[in-house]
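Student: Read off the chains here:
Number of protein chains: 2
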Amino acid sequence: MEQDRMINDYKKQNIEDIKSYYLQKADENLPKLNKTLIVPNVCASALNRGDTFVLDLGNHYVGYFSFNMWFADAYIDAPVRMSVRFCETKRELEDDYTDYHGELCESWLQEEIINVDFPGEYRMPRRYAARYVKVNILRTPKKISLSDFKFEAESGADTAALKPFEITDDELGAIDRVAVNTLKNCMQRVFEDGPKRDRRLWIGDLRLEALANYYTFDNISLVKRCLYLFAAAERNEYGILPGFVYENPIFCSGSWFLIDYSLMFVCTLCDLYSHTRDTKTFHDLYPIAKSILDVLDATKDDEGLVTTRSGDVFIDWCQGLKKGSALEGIYLYTLDRWCEVLESIGNEDDAALYRARLEQGRAASRKYLYDEKKGAFINKRDEYQNSVHTATWMVLGGVVKGNEAKHILKEVISSPDSVKPFTPYMHHYTVDALIKAGLMQEAEKYIRNIWGGMVKMGADTFFEVYVPSDPDFSPYGDRKVNSMCHAWSCTATYFIRKYGFGKPLHNTTFD
Amino acid sequence: MEQDRMINDYKKQNIEDIKSYYLQKADENLPKLNKTLIVPNVCASALNRGDTFVLDLGNHYVGYFSFNMWFADAYIDAPVRMSVRFCETKRELEDDYTDYHGELCESWLQEEIINVDFPGEYRMPRRYAARYVKVNILRTPKKISLSDFKFEAESGADTAALKPFEITDDELGAIDRVAVNTLKNCMQRVFEDGPKRDRRLWIGDLRLEALANYYTFDNISLVKRCLYLFAAAERNEYGILPGFVYENPIFCSGSWFLIDYSLMFVCTLCDLYSHTRDTKTFHDLYPIAKSILDVLDATKDDEGLVTTRSGDVFIDWCQGLKKGSALEGIYLYTLDRWCEVLESIGNEDDAALYRARLEQGRAASRKYLYDEKKGAFINKRDEYQNSVHTATWMVLGGVVKGNEAKHILKEVISSPDSVKPFTPYMHHYTVDALIKAGLMQEAEKYIRNIWGGMVKMGADTFFEVYVPSDPDFSPYGDRKVNSMCHAWSCTATYFIRKYGFGKPLHNTTFD
Numbered sequence: 001m002e003q004d005r006m007i008n009d010y011k012k013q014n015i016e017d018i019k020s021y022y023l024q025k026a027d028e029n030l031p032k033l034n035k036t037l038i039v040p041n042v043c044a045s046a047l048n049r050g051d052t053f054v055l056d057l058g059n060h061y062v063g064y065f066s067f068n069m070w071f072a073d074a075y076i077d078a079p080v081r082m083s084v085r086f087c088e089t090k091r092e093l094e095d096d097y098t099d100y101h102g103e104l105c106e107s108w109l110q111e112e113i114i115n116v117d118f119p120g121e122y123r124m125p126r127r128y129a130a131r132y133v134k135v136n137i138l139r140t141p142k143k144i145s146l147s148d149f150k151f152e153a154e155s156g157a158d159t160a161a162l163k164p165f166e167i168t169d170d171e172l173g174a175i176d177r178v179a180v181n182t183l184k185n186c187m188q189r190v191f192e193d194g195p196k197r198d199r200r201l202w203i204g205d206l207r208l209e210a211l212a213n214y215y216t217f218d219n220i221s222l223v224k225r226c227l228y229l230f231a232a233a234e235r236n237e238y239g240i241l242p243g244f245v246y247e248n249p250i251f252c253s254g255s256w257f258l259i260d261y262s263l264m265f266v267c268t269l270c271d272l273y274s275h276t277r278d279t280k281t282f283h284d285l286y287p288i289a290k291s292i293l294d295v296l297d298a299t300k301d302d303e304g305l306v307t308t309r310s311g312d313v314f315i316d317w318c319q320g321l322k323k324g325s326a327l328e329g330i331y332l333y334t335l336d337r338w339c340e341v342l343e344s345i346g347n348e349d350d351a352a353l354y355r356a357r358l359e360q361g362r363a364a365s366r367k368y369l370y371d372e373k374k375g376a377f378i379n380k381r382d383e384y385q386n387s388v389h390t391a392t393w394m395v396l397g398g399v400v401k402g403n404e405a406k407h408i409l410k411e412v413i414s415s416p417d418s419v420k421p422f423t424p425y426m427h428h429y430t431v432d433a434l435i436k437a438g439l440m441q442e443a444e445k446y447i448r449n450i451w452g453g454m455v456k457m458g459a460d461t462f463f464e465v466y467v468p469s470d471p472d473f474s475p476y477g478d479r480k481v482n483s484m485c486h487a488w489s490c491t492a493t494y495f496i497r498k499y500g501f502g503k504p505l506h507n508t509t510f511d
Numbered sequence: 001m002e003q004d005r006m007i008n009d010y011k012k013q014n015i016e017d018i019k020s021y022y023l024q025k026a027d028e029n030l031p032k033l034n035k036t037l038i039v040p041n042v043c044a045s046a047l048n049r050g051d052t053f054v055l056d057l058g059n060h061y062v063g064y065f066s067f068n069m070w071f072a073d074a075y076i077d078a079p080v081r082m083s084v085r086f087c088e089t090k091r092e093l094e095d096d097y098t099d100y101h102g103e104l105c106e107s108w109l110q111e112e113i114i115n116v117d118f119p120g121e122y123r124m125p126r127r128y129a130a131r132y133v134k135v136n137i138l139r140t141p142k143k144i145s146l147s148d149f150k151f152e153a154e155s156g157a158d159t160a161a162l163k164p165f166e167i168t169d170d171e172l173g174a175i176d177r178v179a180v181n182t183l184k185n186c187m188q189r190v191f192e193d194g195p196k197r198d199r200r201l202w203i204g205d206l207r208l209e210a211l212a213n214y215y216t217f218d219n220i221s222l223v224k225r226c227l228y229l230f231a232a233a234e235r236n237e238y239g240i241l242p243g244f245v246y247e248n249p250i251f252c253s254g255s256w257f258l259i260d261y262s263l264m265f266v267c268t269l270c271d272l273y274s275h276t277r278d279t280k281t282f283h284d285l286y287p288i289a290k291s292i293l294d295v296l297d298a299t300k301d302d303e304g305l306v307t308t309r310s311g312d313v314f315i316d317w318c319q320g321l322k323k324g325s326a327l328e329g330i331y332l333y334t335l336d337r338w339c340e341v342l343e344s345i346g347n348e349d350d351a352a353l354y355r356a357r358l359e360q361g362r363a364a365s366r367k368y369l370y371d372e373k374k375g376a377f378i379n380k381r382d383e384y385q386n387s388v389h390t391a392t393w394m395v396l397g398g399v400v401k402g403n404e405a406k407h408i409l410k411e412v413i414s415s416p417d418s419v420k421p422f423t424p425y426m427h428h429y430t431v432d433a434l435i436k437a438g439l440m441q442e443a444e445k446y447i448r449n450i451w452g453g454m455v456k457m458g459a460d461t462f463f464e465v466y467v468p469s470d471p472d473f474s475p476y477g478d479r480k481v482n483s484m485c486h487a488w489s490c491t492a493t494y495f496i497r498k499y500g501f502g503k504p505l506h507n508t509t510f511d
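First to last, the sequence lines map onto chains R and V. Be aware that the first sequence starts at 1, since it is given in the numbering used here, and climbs by one per residue. Be aware that the second sequence starts at 1, since it is given in the numbering used here, and climbs by one per residue.
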C-alpha cells in the first residue's frame with residue numbers, strides 16, 4: 001500500500017531528509033500575493049503640531065501604507081514627527097495605548113512614531129491590518145500637507161476566483177460578506193490566525209479557514225502548503241504537534257504542544273482529501289496523521305478514554321472550562337473523519353482498526369461521560385461541569401444521536417447555568433453539532449446570534465473573541481490587543497454556502 | 001568682455017532660463033558619495049525588556065545603521081520594540097530628551113522607536129550623524145540577540161584624495177585630524193552645515209568649508225555645485241541672497257536673506273577663482289556677485305557706510321552683538337577679494353570702480369567707526385559696544401593695519417569686558433585677522449585655545465558653538481539640539497596647513 005510505503009520510508013529515512021521534503025513541498029505552494037490599491041480621496045492640508053485626522057479605507061484590509069508629504073507654505077526645515085495608528089475597528093481610534101495592561105507584548109498594538117526627513121513619498125515598511133488610519137502630527141517646524149494616501153492591500157486569496165454566491169436574506173448576506181473578508185485578509189503567505197496579531201499559522205485556525213476556503217476562494221495550494229509546514233514541525237516526546245509554526249523568514253516550530261489541534265491536523269488532511277481526492281498529498285502526510293491518532297490511543301485510561309498525558313488542550317478561551325470530555329469528543333470526531341477517508345481510498349484494514357477504536361470510544365464515553373438521568377454530559381471527570389463545549393463535541397463525536405442529541409444541545413445552549421463558548425472557533429463546532437443533530441433552525445439562529453451580533457456591531461471582519469454578555473472580554477487581559485480580524489471566525493460563510501441558509505439575492509464580490 | 005556678456009544675457013534672458021542653467025550646472029557637479037563600512041565587533045546577547053547597550057563606532061560618522069536580530073532561546077513571537085539613539089558625543093547618551101525645551105523642532109534629536117517584526121537583518125532608513133549608538137529594548141516577548149551591527153558611512157569627500165600632511169605638534173596634529181573629520185562628515189550632496197541638524201547648504205558654512213577643502217580633499221566640483229545652487233536662488237527685493245537653500249528632493253530657496261552671507265558668496269567665488277583659475281565658473285557667476293556688491297553700495301548712508309536696509313545680518317550667534325561696523329568690515333573685506341580677482345583677470349575698469357569704493361569705505365570707517373583716543377572700534381553706530389567681532393572685521397577690511405591693528409586686536413581679545421565670539425565661524429575670522437595683522441603666535445594660541453579646547457573635551461568633530469566660559473550655551477535654548485559636527489568649525493586645518501603651524505610628524509589619514 002502507498003501509505004505503508006510512506007510509513008516505512010518515514011521510519012527508515014533520516015528524519016532531516018523528510019523534513020526537507022515537507023519544507024520543499026511547502027515552498028512549492030507559497031502563494032503569490034494579490035495586490036489591491038486602496039486610495040482614500042483625502043488631502044490633509046496645512047497641518048500643524050497637534051493636528052490629527054483619520055483616514056477611512058472603507059473596509060478592513062491588510063497591507064502597506066504610504067503617503068506624500070509636502071510643505072504648505074514654506075519648505076519643511078526639520079524632520080516631521082508623527083504617530084500613525086492602524087485600527088481594525090472605529091473604537092480603537094480613541095483607545096489610550098499608554099494604559100495597556102495585557103499579557104501579550106504591547107508591540108502588537110499597531111502604532112508607529114515616524115520621522116519624515118524630506119518632502120515627497122513616504123512608505124511605511126511594516127504590514128498592518130486596518131480599516132482606519134489615524135495620523136497625529138507630533139512635531140513639525142512648519143505647516144505641512146499630507147496627500148496621495150495609499151494602502152496597498154495584500155492577500156493570498158484571488159478575489160477573482162471567489163465562487164459566485166447569491167442569497168436573499170439581508171442579514172445572512174452581510175454575514176457571508178464579512179466572513180469572506182475575514183478569510184481573505186487572513187490568507188497571506190500562510191493561513192494566518194490574525195493579520196494584526198500573531199500573524200502565524202495555527203492548526204485550529206487552519207482547519208476552519210480551509211473549510212471556508214473550499215466554498216469561497218478554493219485555494220487548494222495554500223492548504224497543502226500549511227499542512228506540509230506542520231508535517232515538518234518538531235513534535236513533542238509523545239508525538240504531538242505544536243499548535244503553531246513560524247515560516248518567515250525561516251521555518252521554526254512552535255513550542256506549545258496541543259492535543260486537540262494535533263487532531264485537527266488529521267481532520268484538515270481528511271477534509272483536503274474529501275474535497276480534492278488528492279491521494280499524493282494524503283499519502284505524503286498519512287504517517288503524521290496516523291501517528292497522532294496512535295499517540296491518543298496510547299494515552300487511554302482504564303475506562304478507555306483518552307487522557308491529556310501527551311500535551312495541552314485548547315478547546316476554547318472560555319475561562320474555567322473542564323476539557324476532558326471535549327477532548328474525547330474531538331478524538332472520536334477525528335477518528336470518524338479518518339475512517340471515512342480510509343474507506344474511501346480502499347484502505348479496509350486500517351479503516352477497520354480505527355473504526356473499532358471509534359466504536360469503543362463512543363461506548364466508553366456513553367458509559368462514563370453521559371448522565372442519562374440528567375440527559376446531559378455532566379460527569380465526575382469534568383467536575384460535573386455542564387458545558388456547551390462538552391455537549392458539542394460528544395454530538396460531533398457521535399456519542400449521542402437523533403432526538404437525544406437534539407435534546408442535549410437545546411438544553412445546554414438555553415441553560416442559564418451552562419458554560420458557553422467564548423470564541424467563534426468554538427461557536428463553529430457548536431453550529432456544526434446543531435446541524436449534525438438536524439437542528440437546522442437552531443443552527444441558523446445561532447449563526448444570526450453570534451456572527452449577526454458582530455455584524456450589528458459594525459464588523460468588517462469577524463473577531464477573535466465574541467462574548468455577547470461581555471463585549472470587552474479578552475483572553476489576554478486587555479481588549480486592545482484582541483485581534484478583530486481572526487481566521488477562526490470566518491466559517492459563517494462555510495455554513496451559509498454549504499447548507500443553503502437564506503435565499504438568492506445578495507452577491508458577495510470584491511471590486 | 002566676457003562678464004559684460006553674462007550681465008547682458010542675465011538682463012535680456014528669461015530669468016527662469018538662467019535659473020535652469022544654474023541648476024543644471026549644480027546637477028552636473030553632484031558628488032558620488034563614498035562609502036565606508038564601520039563594523040563594531042559587538043554582539044548583544046540574551047537581551048530582555050529594559051536592557052540597554054551602547055555601540056562605539058570609534059569615530060564620528062554620517063550614514064546608515066543596520067543590525068541583525070535573532071532569537072536567543074525561542075522564536076520571537078511578537079514584534080520587538082526598541083529605541084535607537086544616535087549620539088555625536090558621549091554626553092548625549094545620558095541626556096533626557098523628554099525635557100527638551102529648545103526652540104528648534106524636537107524631531108532633530110536623533111532617536112527612533114522602531115518595531116522589528118521578524119528575525120533577520122534590519123536596516124534603519126534614515127541617515128544619522130553619530131559616534132555612539134544606544135539601543136534600549138522597550139518591549140520584547142522573548143530574549144533576543146542583536147549582532148552584525150553595521151554603520152555604512154557616507155561622504156562626498158574622497159578620503160583617498162586627502163592631501164598628505166605631517167606635523168610634529170601633538171595638539172595641532174589632533175586639531176587637524178578632528179577638523180578634517182568635521183569637514184569630511186559635512187561633505188555630502190552639498191557642503192552641509194551639520195549632518196545632524198539643518199543638514200543643508202548655508203553660504204557662511206560653505207565659504208569656510210571650501211577654504212578647508214582646498215587644503216585637504218580639494219573637491220572643486222562640490223564647491224562649484226554649491227555656488228551654482230545659490231546662484232539659482234530667489235533673492236529678496238533688494239537682491240540679497242537667502243542664507244541657505246534646499247536641494248533635496250527639489251531645489252528650494254531659503255527665506256532668510258542675509259547681507260553678510262551674500263557677501264560671503266562673493267568671497268567664495270573669488271576663493272574658487274584664486275584656487276583654480278576657472279574663468280568659466282567665475283564668468284557664469286559674475287553677475288550675481290557684482291549685483292550683490294552693487295546692492296550694498298546702494299544702501300550706503302550719508303557717512304558712506306553700508307546699512308542693513310537690504311536684509312538681515314548674522315555675524316555670530318553671540319547674544320546682544322551690535323553688527324553695524326562688522327557688516328561694513330565684511331563689505332570692505334569682500335571688495336578687497338573682488339578687486340584682487342578682477343585685477344588678476346585683467347578687468348581693469350571694474351577693478352578701478354570697486355577699488356575706489358573700497359578706499360572710500362575704509363576712509364569712512366576710519367572716520368566714523370574708529371575711536372583713535374581709545375585705540376578701538378567703539379562708536380555710536382554700535383552703541384559704544386566693544387566687540388572682538390567689530391575689531392576682527394575692521395582689520396580684515398583693511399581699515400587699520402600694522403601696529404595699530406595688532407594693538408586693537410590684542411586689546412579687544414584680552415579685555416574682560418569686550419564681547420567675544422560664540423561660534424567657531426566667528427573664531428575663524430578672528431584668527432584670520434590675527435594672521436593678517438602679523439600676530440602669528442597669537443593666532444596659534446587662539447587656535448590651541450578654541451579648537452584645542454574642544455579636542456580636550458574629547459571632540460571627534462568640532463562643534464557648532466563653543467563658548468569656553470559657558471559650555472552648555474545653545475543659540476536655540478537647549479544644548480541637546482546643538483550640532484556637534486559643524487561645518488563652520490572645520491577651518492583649523494586650513495590655518496594649520498596654510499600657515500605651517502607646528503612641524504612634521506603626525507599624519508592625518510583615514511583607514
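One thing to keep in mind: the hints can contain errors.
Dumping the calculated BS3-like pairs for lysine-lysine here, alpha-carbon to alpha-carbon at most 30 Å [claimed, not checked]:
| hint | chain 1 | residue 1 | chain 2 | residue 2 |
| --- | --- | --- | --- | --- |
| 1 | V | LYS142 | R | LYS19 |
| 2 | R | LYS143 | V | LYS19 |
| 3 | V | LYS19 | R | LYS142 |
Distance windows between CB atoms, simulated [stated by the list, open to error]:
| hint | chain 1 | residue 1 | chain 2 | residue 2 | range |
| --- | --- | --- | --- | --- | --- |
| 4 | V | GLU103 | R | TYR97 | 27 to 35 Å |
| 5 | R | LYS280 | V | VAL54 | 28 to 36 Å |
| 6 | V | GLN24 | R | ALA161 | 45 to 53 Å |
Keep in mind the hints are simulated off the structure, nothing from the lab. Where a beta carbon is used, it is the ideal one built from N, C-alpha and C, also for glycine.
Student: If a hint holds in the structure, say so; if it does not, say that too.
Tutor: Cross-check of the supplied hints:
With a CA separation close to 26 Å, the supplied pair LYS142/V and LYS19/R stays within the 30 Å bound. The straight-line distance between the Cα atoms of LYS143/R and LYS19/V is roughly 27 Å, inside the 30 Å bound, and the hint therefore holds. With a CA separation close to 26 Å, the supplied pair LYS19/V and LYS142/R stays within the 30 Å bound. Here the CB-CB span from GLU103/V to TYR97/R is close to 30 Å, well matched to the stated 27 to 35 Å.
At about 56 Å, the CB distance of LYS280/R to VAL54/V disagrees with the hint of 28 to 36 Å. Distance hint check: the CB atoms of GLN24/V and ALA161/R are about 52 Å apart, consistent with the given range 45 to 53 Å.
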